[in-house]
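Since the structure of chain H is provided, determine the placement of chain W on it from the hints.
Number of protein chains: 2
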Amino acid sequence: MTDRPAPGMRHRSMRDHNLGAVLGEVARRGTISRAGLAVATGLTKSTVSSLVGELVEARLLVAEGRTGEGERGRPGIGLGLDGGYVAGLGCEIGARRLAVRVVDLRRRTRVQLERVGPNHRSPAAVFAELAALAAEAEQRAHAQGLTLVGAGLAVPGLLDHARRRLVAAPNLGWRDVPLDPHLAALPPRAGLPVAVDNEANLAALGELRLGAGNGQPSFLVVTGEVGIGAGLVVGSGLYSGADGFAGELGHVVVVPGGAPCACGGRGCLETVAGLPALLRAAGLDPEGGLAPLLAALDRPVADPAGEAARSAVDGAAAALALALTAAVHLLAPGLIVLGGTLAALGPVLVPRLDDALAAQVGALRGSAPPVTTSALGTDAAVLGAALGVLDAVVADPVRILPT
Amino acid sequence: MTDRPAPGMRHRSMRDHNLGAVLGEVARRGTISRAGLAVATGLTKSTVSSLVGELVEARLLVAEGRTGEGERGRPGIGLGLDGGYVAGLGCEIGARRLAVRVVDLRRRTRVQLERVGPNHRSPAAVFAELAALAAEAEQRAHAQGLTLVGAGLAVPGLLDHARRRLVAAPNLGWRDVPLDPHLAALPPRAGLPVAVDNEANLAALGELRLGAGNGQPSFLVVTGEVGIGAGLVVGSGLYSGADGFAGELGHVVVVPGGAPCACGGRGCLETVAGLPALLRAAGLDPEGGLAPLLAALDRPVADPAGEAARSAVDGAAAALALALTAAVHLLAPGLIVLGGTLAALGPVLVPRLDDALAAQVGALRGSAPPVTTSALGTDAAVLGAALGVLDAVVADPVRILPT
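From first to last, the protein sequence lines are chains H and W.
Just so you know, the numbering used here puts 60 at position 60 of the first sequence, and the rest follows in order with no gaps.
Just so you know, the numbering used here puts 53 at position 53 of the second sequence, and the rest follows in order with no gaps.
The shape of chain H in the complex, shown without the other chains (with noise of 0.2 Å):
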């Protein structure tokens, strides 16, 4: 992920990384006392009350109730993330949308803003409409009285990270739009550099932060929407290759000598099973959406319609299976998690896809990663942009400090 650099070429003080790890300690306990965090973090409690008084001012954190764990029997008094005043926004580009979201110190989302409409047009016009969309979020913010401290942004494309330019996004028909220009009105102040990175690792951060991911040590998350991509973490982490351009799961090849792909190739998993390929071969509208499709799929038996969705979704989910078995072949994940439109179709394609790897990695491996459905929806990626900007505040908290 292209992270926010710390103003200027400050060198880290011990204060500014010991600020940092009494955060990240109240961040993973939840609620913690002083003394609690002077044992866990090795610092003195004098160092700690210091520390957590400057974190109290800036409101980072909160007392809030009482735990346990005090000296001698004593309750202490709690510690928590103050959830009421530093908040992210999270923006996401999608083939078909536009999204933005507010989410607090606690993790709690405080405004939710889509607009839905095609982004096949120029960059220009979907990013100004992006800034009014996100500009609106951070009024209906401010009143309530949070205050937005860095943007990040999820496209659906190939990123250039050094040189913060977008390469590709074959399903917005974008070639090498370079970011920051379009970027500069986004809030919550102009020119402050946008965390940017692809929708699919920005949904697998939101899946590892609040969705299925939370707790396992490594998965795959493929998000589908015009087209599909996957993020995988391994041991907390983000992986995304030497050169972030890793997890492009739309374009392994499921049918050799295919149809053409937005992408150049032929036979990409996109051109079966992405969502106006599903769509197309299910005899509907290719522009109209997923309801159209989940109400053919409940039509009975021998219904022409019905038949139609089911056996487009059959071929959807073999492709599918073709591609993910490359996928735990190679990057070996432990478990795989359907987002976006797919997440949508788990229970159809779920028990299909577990078939599938069983017979095609199981016995190899002795048993193929379970596939799952993300609760998160199509909302993971915009989700997971805000939770990275947040991520980066506890991380090291002094970038938002007055000075």
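It is worth saying that the hints were derived from the structure and are not from the lab.
It should be emphasised that the depicted structure is a prediction, and the values quoted were computed from it without experimental measurement.
Heads up, the beta-carbon is just placed ideally off N, CA and C, and yes, glycines get one too.
Each statement offered as a hint is correct.
To spell it out: a stretch of chain H is covered by chain W in this simulated footprint if at least three of its residues, at any positions, have a beta carbon under 8 Å from a beta carbon of chain W; those stretches are:
#1 257-266
#2 325-332
#3 356-365
To give an idea of the chain W side of the interface with chain H (calculated C-beta under 8 Å), a few residues:
#4 P170
#5 F245
#6 A246
#7 V253
#8 G264
#9 L322
#10 T325
#11 L330
#12 A332
#13 G334
This is chain W only, laid out in the frame that chain H set:
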């Protein structure tokens, strides 16, 4: 990689750490003076001198010539790794051969033995033969004044490192084999733990240190013999997934619903591009080795045997391109290195793979990663197994110092 644990539960002292820092600096630089070491490590000159004294006494470092970097224009006395004493033993169990290799601290191969023949038989018989080969290598190493400080083993299968078991090696017909009982007889002495890893991972390590991957930030090594495997290096480290089961390129599906594979799946890359499959498709004896195929490829146009061989290799190249497309999209390596028997087919395979990858992934990514062949041939893995032993010594020399 399963690493050799430090003896006992000894806490690593500052001195131990500094010994590793000094030795590591010499390993990186090749030759360096004591003064240069002091600058590079931040240690005082007297500390450096004392550490260097210990390392010279242990025959890990040796004085060699003079460097130009002494103080006030006086050339300093150069220090380099001592290639005359400490050596690592690399071993490999392939589907059709056993190999052992002794490599000194300067990464020169000093002993190299091979026994060709199928290993699809009992683990006990194969390991006994390997131990005999390794004992002979150790004798030859001793005759050159070398002492083996540890052993590494490359196997063509999936490893459970925590339980030290070989989970599955389809091309050996082995399943769930406990390793330590079989490894007890390996030099340098009974009971010393042997670092065991997948052959493709160790081939990647060999390429990283001494082969095509040297200096590359990220590359994928594809190894081919009976099976096909892949080892990925990212940021100069091996990526092997959360459980070490990543990189099984040979079982990416290239023919949906195709021929049964030894792994239990169908249509895997190995069923088309593994050596026996390739020979069979060319109308040759599947157990007859690569030479007849290479000879047939040299026959003139219109010669039926030549045509059959070329058509078989075309089919293997197309299948390999499909699997590599998945690997490029999922792992995003910066370079692809063909090793093992695939390296011998490099002149035929490389142009076909370059073309296929350019067509399939080039448009999305701007360019496809270049494909090259290994100069280490079939020996990258056994070399990597020996180099892994030496890497561990350089990182923590105390493990082999007299206590």
